[in-house]
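K.L.:
One letter stands for each residue in the lines below.
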Amino acid sequence: MTTHASSAPRPPHQVLDATDVARVVTRIAHEIVERAKGAEDVVLLGIHTRGVHLARRLQTKLTQITGREIPFGTLDITMYRDDLRLKPARALEHTEIPADGIDGKLVILVDDVLFSGRTIRAALDALSDIGRPRAVQLAVLVDRGHRELPIRADYVGKNLPTSLREAVQVQLADTDGRDGVLVGDRDYTARSSQALAADPHLPE
Amino acid sequence: MTTYLIRNAQILGGAPKDIYIADGLFAEIGENLGHEADVDIDAHGLIALPGLVDLHTHLREPGREDAETVLTGTQAAAMGGYTAVHAMANTFPVADTAGVVEQVWRLGQEHGYCDVQPVGAVTVGLEGKKLAELGAMHDSAAGVRVFSDDGKCVDDAVIMRRALEYVKAFDGVVAQHAQEPRLTDGAQMNEGQVSGELGLTGWPAVAEESIIARDVLLAAHVGSRVHICHLSTAGSVEIVRWAKQKGWDVTAEVTPHHLLLTDELVRSYDPVYKVNPPLRTAADVEALRAALADGTIDAVATDHAPHPAEDKDCEWAVAAMGMVGLETALSVVQQTMVDTGLLNWEGVADRMSRRPARIGRLTGHGRPISVGEPANLVLFDPAYRGAVNPDEFATRSRNTPYKGMDLPGRVHATFLRGTATVLAGELVEL
Amino acid sequence: MKRHLVSTADLTRDDALLILDTAEELAQLSGRAVKKLPTLRGRTVVNLFFEDSTRTKTSFEVAEKRLSADVINFSAKGSSVSKGESLKDTALTLQAMGADAVVIRHHASGAPARLAQSDWLHGSVINAGDGTHEHPTQALLDAFTMRRHLNPGAGKDLAGRRITIVGDVLHSRVARSNVHLLNTLGAEVTFVAPPTLVPIGIDTWPCQVSYDLDAVLPKTDALMMLRVQRERMNAAFFPTEREYSRRYGMDGLRMAQLPEHAIVMHPGPMVRGMEITAEVADSPRCTAVEQVANGVSIRMAVLYLLLGGATLADAPRTTDSSEAAQ
Chain A
1 MTTHASSAPR
11 PPHQVLDATD
21 VARVVTRIAH
31 EIVERAKGAE
41 DVVLLGIHTR
51 GVHLARRLQT
61 KLTQITGREI
71 PFGTLDITMY
81 RDDLRLKPAR
91 ALEHTEIPAD
101 GIDGKLVILV
111 DDVLFSGRTI
121 RAALDALSDI
131 GRPRAVQLAV
141 LVDRGHRELP
151 IRADYVGKNL
161 PTSLREAVQV
171 QLADTDGRDG
181 VLVGDRDYTA
191 RSSQALAADP
201 HLPE
Chain B
1 MTTYLIRNAQ
11 ILGGAPKDIY
21 IADGLFAEIG
31 ENLGHEADVD
41 IDAHGLIALP
51 GLVDLHTHLR
61 EPGREDAETV
71 LTGTQAAAMG
81 GYTAVHAMAN
91 TFPVADTAGV
101 VEQVWRLGQE
111 HGYCDVQPVG
121 AVTVGLEGKK
131 LAELGAMHDS
141 AAGVRVFSDD
151 GKCVDDAVIM
161 RRALEYVKAF
171 DGVVAQHAQE
181 PRLTDGAQMN
191 EGQVSGELGL
201 TGWPAVAEES
211 IIARDVLLAA
221 HVGSRVHICH
231 LSTAGSVEIV
241 RWAKQKGWDV
251 TAEVTPHHLL
261 LTDELVRSYD
271 PVYKVNPPLR
281 TAADVEALRA
291 ALADGTIDAV
301 ATDHAPHPAE
311 DKDCEWAVAA
321 MGMVGLETAL
331 SVVQQTMVDT
341 GLLNWEGVAD
351 RMSRRPARIG
361 RLTGHGRPIS
371 VGEPANLVLF
381 DPAYRGAVNP
391 DEFATRSRNT
401 PYKGMDLPGR
411 VHATFLRGTA
421 TVLAGELVEL
Chain C
1 MKRHLVSTAD
11 LTRDDALLIL
21 DTAEELAQLS
31 GRAVKKLPTL
41 RGRTVVNLFF
51 EDSTRTKTSF
61 EVAEKRLSAD
71 VINFSAKGSS
81 VSKGESLKDT
91 ALTLQAMGAD
101 AVVIRHHASG
111 APARLAQSDW
121 LHGSVINAGD
131 GTHEHPTQAL
141 LDAFTMRRHL
151 NPGAGKDLAG
161 RRITIVGDVL
171 HSRVARSNVH
181 LLNTLGAEVT
191 FVAPPTLVPI
201 GIDTWPCQVS
211 YDLDAVLPKT
221 DALMMLRVQR
231 ERMNAAFFPT
241 EREYSRRYGM
251 DGLRMAQLPE
261 HAIVMHPGPM
271 VRGMEITAEV
281 ADSPRCTAVE
291 QVANGVSIRM
301 AVLYLLLGGA
311 TLADAPRTTD
321 SSEAAQ
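Respectively, the protein sequence lines represent chains A, B and C. For what it's worth, our numbering labels the leading residue of the first sequence as 1, then goes sequentially. For what it's worth, our numbering labels the leading residue of the second sequence as 1, then goes sequentially. For what it's worth, our numbering labels the leading residue of the third sequence as 1, then goes sequentially.
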């Protein structure tokens, strides 16, 4: 059986390479220091899975810039998702809030891709059950558009206009062996890669 | 009376023969009979057996007509190939007086599907304390010869001894439901590996065996005969075998379900498998089959125990005990005994007709298929294969453990003294 | 995981670890100001209790409320159940009310299994203790407690840990659930009881049996005392309370025989002076109170894993495929 060449899904192509990712993280760290006035009361909270790795990289950068240890935590938003009933119950990731908590702090949520905004909505709900931050900001590596909620990012690594037929795949050395951002056809991805289909961020 | 010519039936599994039935009797048996009969039956491939006799049936009437009546129970019996059933005494009121046994007997006569031989209670109200009027029940129109408190054990040794002695006067027999009550207080299933895992109170084999041991000794001591109901364990087989070797007048029956099913089924907690005595282990099943084959166990008795749906559609502990069995007995025996090579059809006729009739002293049943004998006959198709469908049962209840199970064989026709009660697998309107 | 939790025998090692790890995450909640998650909003959980059990029922209720489920308490006392309504009719009623899960405590062994296999209701069935059969969430919280003390950490099991369970094994649903689960998690289980309180056929269970408590104590990492009901004495399972305590009760002297790291557990309610002395019950090695707290986390984990995702009740009931997918 053959398929028409023009209708065949396109393989993913790279839009950010490892150097780009590193540069973008550094830039966001500088923006945070600038806009948060030295990042004095900043708490970084990474959203599982890749948001945690990005947040850790940001923390390293911020420490280099400010010379201080920036509080860092992780957030699993599974219990707050609005699509829980679409799949069997998922295993929970570890939520760890820094010892001093988040009350009165500037919490910066960190995630890899901003898409519909539903993950961030869930994260905001989770935050409000954990404490009362002074303010909450959002840092993402990629903003691919198609928002379904009134949510925007405060720090964006790259704005990436995409169609809904496309899938954005963020790769980080911590989980994927290399850094990079790929864009490809959702159909192609679905057919070619089980790993992509399993990525919790794709069908956000 | 309608006359029947049955062509090419294999009598007791032998060579095909024609059977001519007239005036309620086997009028002629031979090859290529030329009679003009009212009804011709092509019995090619069918086995002809003498009408089956059940020593152990619960017809529930009077009292629990929601579960079964004498009419529906005898219709089920006919569908299963039976021409006589012994109706157990645990009705409401209990069959412990001449009045109740006569009523049940008369209902059987009126309906005409199957002879109903009432069993009389041994003790008043089945309470095990005071002997019922055994002689009056025997002297009644029902002519009771089998007495049993079935459902309960006659556990008092003195009462049992007296009953065994007393019925000698009219050649009666006490059919014992062997269950030591203290050892089975609150018992829910066979005591063994499965009961331990399921957390259900166990019914140990020893509770049956100890009573059987006691009763065969008692029977020997007073020179009576004793019959053991629904024997269910390998140990019981050993005791009965020993008693028979001693020459004592001991007989025993086994139910079809104890020949086929094991307590592993209880793991489902489905009360359709709840029965008393309980389903035992595979080793017990094997011992029971062997004992039925070698004649240590005399008879297959159904212990047909109908219960309305609500008594089974519940949690195990509160569910009623018992299974219906009249309409599946012969199929189960074919599967467990004939198809396994343990028993031939002649043996089946012996264990399901001749010997049970003799134990119950039913002179008109369990007789050979030969000219001049009353035409009690079942034609059975051993080649049939099909899943058991309880919705097709004639019994009023549906509590069969075989639902959906593929069992071999099917009753094609049943004749009671020359009258067809079942033809072409369907009940005949009488 | 299966759709129901009726027996710990149904749990694979992965299932069991998933529940323990999930419970470990959810245990954090008790340290938060807002001890509540929105996860089961709109789900209805019925606590169907045919037997009095304040402790288990409260524990489930707390767990359900912390997950924001709508909770209905349906107790046999004062309801139509005590007027002779059958289990089937009760189940049909709950189904009509739209129960997504039924937490059932029943005096009859097998009642939850019966509910789960019937077509009387479509929700998940969670066994909260049935007769002398099983009590799976108790075993899970026990394993959770043991893991925290003996091999802490997500993904860890109880491989090689020696667990001794003492008391009325014959009538204990806790013992039955524990033996399956502990075996699945790699632990070595020893039952200690008078022979009259050991079930027939235990030789086929994955455990050792001993009649001598003192011999087993030094080789024990976790000791679990089971409640012994006084009425067993009247049924001749043992001669007197005193004799039972002397042979199988836990006191300070016996506690000293345990290795230093070993814990003493009790599923409650304790019969002080019978199977356990106050000295042991109130010692820091006794985890009875901790077990209660862990019970809430475990029950939250079970409820979340059975109800948090897609359930059969969500899917149109046309094929079996959704069942197969679980």
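Hints listed in this document are in silico derivations from the structure and should not be mistaken for laboratory results. One thing to keep in mind: the hints can contain errors.
To be verified - Below 27 Å or equal to it, Euclidean Cα-Cα: the simulated DSS-like pairs (lysine-lysine) are: (1) K37(A) with K36(C); (2) K87(A) with K88(C); (3) K129(B) with K152(B); (4) K87(A) with K219(C).
Claimed, not checked - Computed footprint of chain C on chain A; a stretch qualifies when at least three of its residues, placed anywhere within it, have a C-beta under 8 Å from a C-beta of chain C: (5) 70–84; (6) 129–141; (7) 148–157.
Remember, predicted model here, so these are calculated numbers, not experimental data. No residue lacks a Cβ here, since even glycine has one placed at the ideal position from N, Cα and C.
K.L.:
Please flag the earlier hints that this structure goes against, numbers listed from lowest up.
P.N.:
1, 2, 4 and 7
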